[in-house]
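Can you make the complete structure from the sequences, with help from the hints?
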Amino acid sequence: MNPRLRWKTRAFAAIVILSNAFGNLSLTWGMRHGAGEITASPLSFIHAVFNPWVSFGIVLLVLWMLSKMFLLSWADLTYVLPVTAFGYVLNAMLGRLFLGEMITPARWAGTLLIMAGVTLVGLGTPHAGESR
Amino acid sequence: MKAWLLLAVIITSTVTADLLQSHEMKQHGEIHDFRPSGLRRLLITLARKRNLILSVVCMAASFFAFMALVQVADLSFAVPASAGSLVIETILARLILKEQVNARRWMGAALVAGGVWCLSL
Numbered sequence: 001m002n003p004r005l006r007w008k009t010r011a012f013a014a015i016v017i018l019s020n021a022f023g024n025l026s027l028t029w030g031m032r033h034g035a036g037e038i039t040a041s042p043l044s045f046i047h048a049v050f051n052p053w054v055s056f057g058i059v060l061l062v063l064w065m066l067s068k069m070f071l072l073s074w075a076d077l078t079y080v081l082p083v084t085a086f087g088y089v090l091n092a093m094l095g096r097l098f099l100g101e102m103i104t105p106a107r108w109a110g111t112l113l114i115m116a117g118v119t120l121v122g123l124g125t126p127h128a129g130e131s132r
Numbered sequence: 133m134k135a136w137l138l139l140a141v142i143i144t145s146t147v148t149a150d151l152l153q154s155h156e157m158k159q160h161g162e163i164h165d166f167r168p169s170g171l172r173r174l175l176i177t178l179a180r181k182r183n184l185i186l187s188v189v190c191m192a193a194s195f196f197a198f199m200a201l202v203q204v205a206d207l208s209f210a211v212p213a214s215a216g217s218l219v220i221e222t223i224l225a226r227l228i229l230k231e232q233v234n235a236r237r238w239m240g241a242a243l244v245a246g247g248v249w250c251l252s253l
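Chains as they are written, first to last, in the numbering used here: chain A, 1 to 132; chain B, 133 to 253.
Just to be clear, a hint being listed does not mean it is correct.
To be verified - Take a look, some chain B residues computed to stay more than 12 Å from chain A by CB distance:
id, residue
1, Met133
2, Trp136
3, Thr144
4, Ser169
5, Ile176
Said to hold, decoys possible - Computed footprint of chain A on chain B, listed as stretches where at least three residues anywhere in the stretch have a Cβ under 8 Å from a Cβ of chain A:
id, segment
6, 153–163
7, 188–200
8, 224–234
These are calculated hints, taken from the structure and not from any lab test.
Just so you know, these numbers come straight off a predicted model, no measurement behind them.
By construction, the Cβ of each residue, glycine as well, lies at the ideal position given by its N, Cα and C atoms.
Set out below in structure tokens:
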């Protein structure tokens, strides 16, 4: 794998992780502060979408979707999924810091397991067929 | 019960969307041109791909279910629990997309899946 592609892959993986975590945080904050209760009616979703925090979250999640699509154009799905799974750890941390959620020891243990898995996969290259 | 139902919708639609997206983007090939004009041409080309449109529909279903889920569950539960799709996706990527999944990736995916399971406890 050439250095340019390696750099591009890591940069896009970082964008995917950060846009997803902060997008989810903004969306959750908005859904719990002024978005109203979600019911089976589509109008409740439309009302929620116009909450500024929800809107900002959606913008970040669109960025996440596009950057993930770009990344998938050259990297295997089985590489992209575990590497970007670091976002789950970041989501838990943001939930604890900004939403005041209780993170149990089991959840922190899960965080460490995910980090170990991410590290293991990250030592490889995006294409499984390439030499390591 | 509502949270688990929403979670099932999220996982099913996410798996379908990721497989369709990966298949279609591989067909398209690596993206080199990141200039605005290049990106515009790319979006026009991609907007005509049926599988990609279907994947966006699945992602929308997943997204709306997620919006409802974060109202009834913790973010630190909703996000990792929805990653239950990872193991199914790794298996289907091997079976359907014919991706080469070596031992390191299987082990990494298994650790991530185990971690996700712990996070959801």
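| task | Enumerate the violated hints, using their earlier numbering and listing them in ascending order. | result | Failing hints: none at all.
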